[in-house]
Amino acid sequence: MTHDALTVLNRLSQALNRVIVGQATLVQQMLVAILAGGHVILEGVPGTGKTLLVKVLATLVQSEYRRIQLTPDILPADIIGINIFDLNTRKFTLKKGPVFTQILLADEINRTPPKTQAALLEAMEEQQVTLDGESLPLPELFWVIATQNPLEFEGTYPLPEAQLDRFLFKLIVDYPDAAAEKQMLLNRQAGFQSRRPDLARLKPIATVEDILTARQAANTVQVDEKILDYLLAIVQRSRKHPDLALGASPRSAVAWLQSSKAQAWLSGREFVTPDDIKSVAPPLLRHRLILKPEAQLDGLQIDAAIASLLTQIPVPR
4 MTHDALTVLN RLSQALNRVI VGQATLVQQM LVAILAGGHV ILEGVPGTGK TLLVKVLATL
64 VQSEYRRIQL TPDILPADII GINIFDLNTR KFTLKKGPVF TQILLADEIN RTPPKTQAAL
124 LEAMEEQQVT LDGESLPLPE LFWVIATQNP LEFEGTYPLP EAQLDRFLFK LIVDYPDAAA
184 EKQMLLNRQA GFQSRRPDLA RLKPIATVED ILTARQAANT VQVDEKILDY LLAIVQRSRK
244 HPDLALGASP RSAVAWLQSS KAQAWLSGRE FVTPDDIKSV APPLLRHRLI LKPEAQLDGL
304 QIDAAIASLL TQIPVPR
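So the sequence shown is numbered by the working numbering: it starts at 4 and just counts up by one.
Fair warning: there could be bad hints in the mix.
To be verified - With a straight-line Cα cutoff of 27 Å, these simulated DSS-like cross-link-like pairs (lysine-lysine) come out:
| no. | residue 1 | residue 2 |
| --- | --- | --- |
| 1 | K173 | K118 |
| 2 | K98 | K58 |
| 3 | K295 | K281 |
| 4 | K58 | K99 |
| 5 | K99 | K118 |
| 6 | K173 | K295 |
| 7 | K173 | K58 |
| 8 | K173 | K281 |
| 9 | K58 | K206 |
| 10 | K243 | K229 |
| 11 | K98 | K118 |
| 12 | K281 | K229 |
| 13 | K281 | K243 |
| 14 | K173 | K243 |
| 15 | K58 | K185 |
| 16 | K243 | K295 |
| 17 | K206 | K185 |
Please keep in mind that the hints were generated in silico from the structure rather than gathered at the bench.
Please take these sequences and the hints and turn them into a complete structure.
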């Protein structure tokens with residue numbers, strides 16, 4: 004295990020938790036996602052700190068950061084870029100779009116039409132952009148965090164299942180508990196703008212190279228065959244679960260393995276345990292599994308179905 008890399012990630016976690024008060028689990032899951040190399044959907048009502056979390060993380064990692072406010076009139080060219088003809092040189096010049104960055108915040112991804120969503124999701128999947136027949140590589144660290152509001156449906160374009168599957172995690176940004184919210188108010192009263200901190204005063208904790216080194220270290224975490232069989236048993240059971248119309252895909256199994264290794268590494272271990280498998284299950288599966296209509300009518304929530312699924316497979320000893 005690369006202890007220096009783990010120390011850097013622990014310091015990064017501590018710094019994030021000092022600014023993003025009362026969201027320790029969310030911070031942990033974001034770090035697992037970046038270590039596993041997977042993109043993230045953040046879902047939460049306005050004012051819960053989704054954009055702030057991404058800005059602070061990008062600042063602390065000392066990375067290139069861009070934000071796109073997605074609206075119905077945004078075109079694919081507004082994201083990936085366009086070739087512009089230069090009258091002086093009589094040549095086409097590439098004007099790169101905001102996708103050419105390291106950390107990209109796609110705000111309100113469900114407010115832009117499917118064609119524009121597809122342009123972004125292609126870049127996420129291939130880690131390159133095709134423009135006028137030319138393939139342009141994206142940075143080695145290319146991480147997309149998309150946000151959406153769960154309460155607004157009018158004028159939205161929900162992502163289809165095939166595209167949702169390209170996101171590693173769907174994270175729910177809840178309201179902070181009473182103690183954390185009180186701490187935010189006390190911070191504000193003391194002169195610290197907890198919802199709008201001065202990002203210029205935040206000092207980087209890590210570099211992009213640190214993150215890439217940590218990814219390599221996390222990838223060396225060992226997985227016993229019994230743990231692998233346990234994971235696969237849950238995946239296959241999801242496809243036969245009585246409450247699920249759609250179970251976990253093979254892509255889900257690969258993503259689950261990578262996430263579990265990242266979770267184990269962040270916990271200071273060189274091997275995956277059943278608890279690692281279970282801890283990443285809700286964010287990894289909640290946007291991939293689909294409840295049957297009758298289960299939805301009965302009021303079953305997807306996280307409850309995931310919890311039920313996990314109880315149906317014996318934990319290896």
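Against the structure, the hints come out as follows:
1. Distance restraint check for K173 and K118: the Cα-Cα separation of roughly 22 Å lies within the 27 Å cut-off, and the hinted pair is therefore satisfied.
2. This hinted pair checks out: K98 and K58 have alpha carbons roughly 24 Å apart, not beyond 27 Å.
3. As the CA atoms of K295 and K281 are separated by approximately 23 Å, the hinted pair is consistent with the 27 Å bound.
4. For the hint linking K58 to K99, the alpha-carbon distance of about 21 Å falls within 27 Å, and the restraint holds.
5. Only pairs whose Cα atoms come within 27 Å are accepted, and K99 paired with K118 is accepted, the gap being roughly 18 Å.
6. Distance check on the hinted pair: K173 and K295 sit about 20 Å apart at the alpha-carbon level, within 27 Å; holds.
7. The suggested pairing of K173 with K58 holds, with an alpha-carbon distance near 18 Å, which does not exceed 27 Å.
8. This hinted pair checks out: K173 and K281 have alpha carbons roughly 15 Å apart, not beyond 27 Å.
9. The hinted pair formed by K58 and K206 meets the criterion: a straight-line CA distance of about 13 Å does not exceed 27 Å.
10. Pair hint K243 plus K229 holds up; C-alpha atoms about 21 Å apart against a cutoff of 27 Å.
11. As the CA atoms of K98 and K118 are separated by approximately 20 Å, the hinted pair is consistent with the 27 Å bound.
12. In summary, the hint linking K281 to K229 is supported, as the alpha carbons are separated by about 15 Å, within the 27 Å threshold.
13. A hinted pair counts as satisfied when its Cα atoms are at most 27 Å apart, and K281 with K243 qualifies at roughly 19 Å.
14. Restraint check: the Cα-Cα separation between K173 and K243 comes to about 23 Å, which is no more than 27 Å; the hinted pair holds.
15. Pair hint K58 plus K185 holds up; C-alpha atoms about 23 Å apart against a cutoff of 27 Å.
16. With a C-alpha separation of about 12 Å, the suggested pairing of K243 with K295 holds against the 27 Å cut-off.
17. The straight-line distance between the Cα atoms of K206 and K185 is roughly 26 Å, inside the 27 Å bound, and the hint therefore holds.
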